[in-house]
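Asks: So the protein lines, in turn, are chains E and L. Okay, so the first sequence: first residue is 7 according to this note's numbering, each after it adds one. Okay, so the second sequence: first residue is 12 according to this note's numbering, each after it adds one.
Derived from the structure by calculation, the hints contain no laboratory data. From the three backbone atoms N, C-alpha and C, an ideal C-beta is built for every residue, glycine too. Heads up, some of the hints might be wrong.
What the hints assert, rightly or not - List of simulated lysine-lysine pairs, BS3-like, C-alpha gap at most 30 angstroms: (1) E/K71 with E/K49; (2) E/K82 with L/K119; (3) L/K104 with L/K50; (4) L/K104 with L/K115; (5) E/K71 with E/K82; (6) E/K71 with L/K104; (7) L/K119 with L/K50; (8) L/K104 with E/K49; (9) L/K115 with L/K50; (10) L/K115 with E/K82; (11) E/K71 with L/K119.
What the hints assert, rightly or not - Taking CB as the label site, the calculated pair distances span: (12) L/S61 with E/G62: 18 to 28 angstroms; (13) E/S90 with L/S87: 44 to 54 angstroms; (14) E/S23 with L/K119: 42 to 52 angstroms; (15) E/G62 with L/R29: 41 to 51 angstroms; (16) L/P51 with E/K82: 30 to 40 angstroms; (17) E/R93 with L/R72: 38 to 48 angstroms; (18) L/P70 with E/L11: 18 to 28 angstroms.
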Amino acid sequence: EVQVLESGGGLVQPGGSLRLSCGASGFIFSNFAMTWVRQAPGKGLEWVSTVTGGGGTTYYADSVKGRFTISRDNSKNTVSLQMSNLRADDTAVYYCAKGTRGFGDTHLDSWGQGTLVTVSS
Amino acid sequence: EVVMTQSPVALSVSPGERATLSCRASETVSTNLAWYQQKPGQAPILLIYSASTRASGTPARFSGSGSGTEFTLTISSLQSDDCAIYYCQQYDKWPPFTFGQGTKVEIK
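Whole structure, please, built from the sequences with the hints as guidance.
Replies: Rendered as structure tokens:
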């Protein structure tokens, strides 16, 4: 059974940093792209970042480019999102989701339960 | 960036009736379109991909159609368990992936 589980959310001050982690199991991790999607309170879904299966290529939404860094450790079946210079509008539930092939241009077939990031003083 | 526009914003349907949700892309995305269901407090789940292929576990009452810029998600006989927000997502022209703003389905 495919499982995806996020951790690392919490309350952080504006300008601060936070690192989210996502552990996965039930599939050959390195064969699949992994993506972070966020959802601000009461709002819709917003794509944040994707890393290809091998980890060699990363993609970012304009709203987070230069502030967030996605990475993965295929030996540990984990993907991380390092977030810095956080702003109030980064407040959201962050979901980790699995793609259906190694490159990122796919739908997302398994999602974690999400982790809440709150940016506030 | 491909803009995805869903309509209506909200839909109220009687149990057993048909619900039809629309999604329009600002430019062609071929059939590289997915539909997700999200219930309150829960993560989204994949319902449909490649515009019309049901994901594993998706009930047969859900069907998807369309190509290019116009897509439809149909729930043939609405059940109470189907109350949720439904999002479309294109993965043809990316980055970025783009989602529609969602359609909320309620029981009348």
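Asks: Would you pick out the hints that fail for this structure and give their numbers low to high?
Replies: 2, 10, 11
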